[in-house]
Every structure is written in structure tokens, then in C-alpha cells.
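As given, the protein sequences belong to chains A and B, one line each in that order.
Count along the first sequence from 1, add 51, and you get the number used in the numbering used here.
Count along the second sequence from 1, add 421, and you get the number used in the numbering used here.
Bear in mind the hints are in silico, worked out from the structure with no lab data behind them.
Every value quoted in this text rests on a predicted model; they were computed, and no experiment measured them.
Please note: incorrect hints may appear among the correct ones.
Label-pair ranges, simulated between beta-carbon atoms [to be verified]:
1) Glu452/B - Glu178/A: 39 to 49 Å
2) Glu452/B - Ser119/A: 47 to 57 Å
3) Glu452/B - Asp115/A: 21 to 31 Å
4) Asp472/B - Gln142/A: 19 to 29 Å
5) Asp472/B - Glu178/A: 48 to 58 Å
6) Asp542/B - Tyr197/A: 48 to 58 Å
As a list, the in silico DSBU-like pairs of lysine-lysine whose alpha-carbon atoms are at most 30 Å apart [said to hold, decoys possible]:
7) Lys111/A - Lys487/B
8) Lys139/A - Lys505/B
9) Lys561/B - Lys165/A
10) Lys139/A - Lys546/B
11) Lys505/B - Lys99/A
12) Lys504/B - Lys111/A
13) Lys99/A - Lys552/B
14) Lys441/B - Lys504/B
15) Lys441/B - Lys552/B
16) Lys552/B - Lys487/B
17) Lys504/B - Lys546/B
18) Lys99/A - Lys111/A
19) Lys559/B - Lys546/B
20) Lys561/B - Lys441/B
21) Lys195/A - Lys99/A
22) Lys505/B - Lys441/B
23) Lys165/A - Lys441/B
24) Lys504/B - Lys559/B
25) Lys552/B - Lys504/B
26) Lys111/A - Lys165/A
27) Lys441/B - Lys546/B
28) Lys505/B - Lys546/B
29) Lys504/B - Lys139/A
30) Lys505/B - Lys552/B
31) Lys111/A - Lys552/B
Beta carbons: idealized from backbone N, C-alpha and C, even for Gly.
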Amino acid sequence: MDFGTGPSSTNTEAGSYKRIEGVGGNFSVLIVDDDPIIRRIHRVMLNKFGLVTHVVENGKEAVDLFRSDTCFDMVLMDMEMPIMDGPKATQELRAMGVNSMIVGVTSRGLESEKQSFMGAGLNRCHEKPLTTDIVTSLIQELIKHY
Amino acid sequence: RHRSRREQAQIMEVGQLQRKFVDYTASLFCEGFLDAQFTQLQQLQDESNPDFVVEVVSLFFEDTEKLLNDLTRALDQQIVDFKKVDAHVHQLKGSSSSIGAQRVRNACIAFRNFCEEQNTDACSKCLQQVKQEYSLAKNKLDTLFRLEQQIAEAGGAVPM
């Protein structure tokens, strides 16, 4: 630990926030969540990985964005939201032909709920809040497939 | 170069505050007030987000105070809407989990079990428990942030 008298040092521990070459501003992520705390945490976390982020508060706003020809490489979709929830929004996006990577984010651990959310058209599903390890693996998948 | 007495005193003061901060933080983890998720938040803080932890925790305080009011009102009704109560507790469980407020989160888990049973008395007791855990967590975190401020004011860096 550095007890110096300068500004707080950035975490440079191996495995966290390694800027992945070629990512930078290339990948964009839409964060869809009704919880402002989660939106803030995920936004800052993804920005640290060099991703460009946009946030909306519910599924309908996400669908409207894609409908207006705004595209994102990845969507972080919360399961429970007012107006339009995650499963419904995911179904709509897939029905529209959206091929972006859609990652479900749930605060419930129930396997059955995760399965049914996956069935709506997700690529992956994780419990929130996301950890840096999970984000790393999501980016690796993005690089591989998109 | 030769340090003046004042500089020496300042360096000692910063050192003491930093040790206090480290010890206090460690105790919060030891006693189960905070968990690994809080560490994740600390790791997200940097020059471009220098007040990240305080900001997110403040959001949590605002959110929780509102939820606790809503819960008190909901359990006070003649006919309790347990679905509503459960929804509030679910939200509180989520946000406390996001900032690593472990004991608040655990109190919520117990609470939800009684919501399922539709047991008003047990739920009221749980609410008291959650309020207590929240109050403790808030005090601890406020103390932690105050220590950080003292370190910064003394010209030091906050050890993370």
C-alpha cells in the first residue's frame, strides 16, 4: 500500500482494468436498469474498461433507442423494471432483428428465473452487481464474436 | 533536504490518520458490516471519479431512507399489501448488496421470508431490525468518510 502524500493511486493490480487493446471507443454498451445505484456502478466500471456507455431506465427506452436506429454492441439488461421489463424488452429486440450481445442482469438467484430470462433471447445472464472478472469475460466474448 | 518540525509533525499526523483509516476499514469488514462489493466500489474510484464511493453510498442512503418510510407506511395499513412490502424489501436488498452493506442485506433476506408467510408481526420486527442495521451501517460509513476527509485535509492520500 502506498502511504504517499500524492493523489490516490489508481489500482493497477493484475487482472483489473487492463485496457484491452483495440477496445477503446470501439465497443458501445447500453445499460438498462431502473436502479440509479446500479446504473452508476456499471457505468463507471465499463468506462474504466474503455467502453462507451449509455444509460436508460427501463426496457421501453431501450427498445425505442434501437428502433430509432441507435445501435449498441452490448446491452446490459436488468430483469425487473417498470413499464417494460427485461424479458419483454429482450424479446422485442430479438424480434426486431437486433443481433447485439444482450446480457441479462438479475438480483435474484433463482435458477428458474434465470432460465426463463435466457429463453427470451439473452446471450448470458449474471447476478448483479457485475464484478470486474465478469466484465472482462464479457468483453472477451464481444471481441471474439462481434 | 531537511524537513522542518512542522513538516515532520504533519507527516506523523497523516500517518496516524492513515493507520486509523486502515484499522477502521478492516474492522468494518471483520464485523461483517461491509463485504467484497464495497472493495469493488473503492477500486472503481480514481482521478476521473474521485468521489465515487461517497456518491454511490449517498445514493444508497437517500434510497434507503425513502424505502424505510414506505415500508413503515405499508406495514401500518389495516390490510397489509405484502406484495408491495416484498417489492420494497427486494429493492433494499438489491441496493444494500450493490454497495456491500452486508448486514443490511442479510436483514432483508430474513424479512422477505416473513413477507412470503404474510406474517405482519414478524415483518414489523424485521423492519425494526433492518432500520437498526441501516442506522449502524450509516454511522460506520459516515465515520469512514470523515476519516478520509481528515486525511485529505492533512495533505495525505487515502490508502485503498
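Here's how the hints hold up against the structure:
no., hint, verdict
1, Glu452/B - Glu178/A: 39 to 49 Å, "violated (25 Å)"
2, Glu452/B - Ser119/A: 47 to 57 Å, "holds (50 Å)"
3, Glu452/B - Asp115/A: 21 to 31 Å, "violated (46 Å)"
4, Asp472/B - Gln142/A: 19 to 29 Å, "violated (39 Å)"
5, Asp472/B - Glu178/A: 48 to 58 Å, "violated (27 Å)"
6, Asp542/B - Tyr197/A: 48 to 58 Å, "holds (54 Å)"
7, Lys111/A - Lys487/B, "holds (25 Å)"
8, Lys139/A - Lys505/B, "holds (22 Å)"
9, Lys561/B - Lys165/A, "violated (35 Å)"
10, Lys139/A - Lys546/B, "violated (37 Å)"
11, Lys505/B - Lys99/A, "violated (37 Å)"
12, Lys504/B - Lys111/A, "holds (24 Å)"
13, Lys99/A - Lys552/B, "violated (34 Å)"
14, Lys441/B - Lys504/B, "violated (44 Å)"
15, Lys441/B - Lys552/B, "holds (28 Å)"
16, Lys552/B - Lys487/B, "holds (12 Å)"
17, Lys504/B - Lys546/B, "holds (18 Å)"
18, Lys99/A - Lys111/A, "holds (27 Å)"
19, Lys559/B - Lys546/B, "holds (20 Å)"
20, Lys561/B - Lys441/B, "holds (13 Å)"
21, Lys195/A - Lys99/A, "holds (20 Å)"
22, Lys505/B - Lys441/B, "violated (42 Å)"
23, Lys165/A - Lys441/B, "violated (43 Å)"
24, Lys504/B - Lys559/B, "holds (27 Å)"
25, Lys552/B - Lys504/B, "holds (20 Å)"
26, Lys111/A - Lys165/A, "holds (21 Å)"
27, Lys441/B - Lys546/B, "violated (35 Å)"
28, Lys505/B - Lys546/B, "holds (17 Å)"
29, Lys504/B - Lys139/A, "holds (21 Å)"
30, Lys505/B - Lys552/B, "holds (18 Å)"
31, Lys111/A - Lys552/B, "violated (34 Å)"
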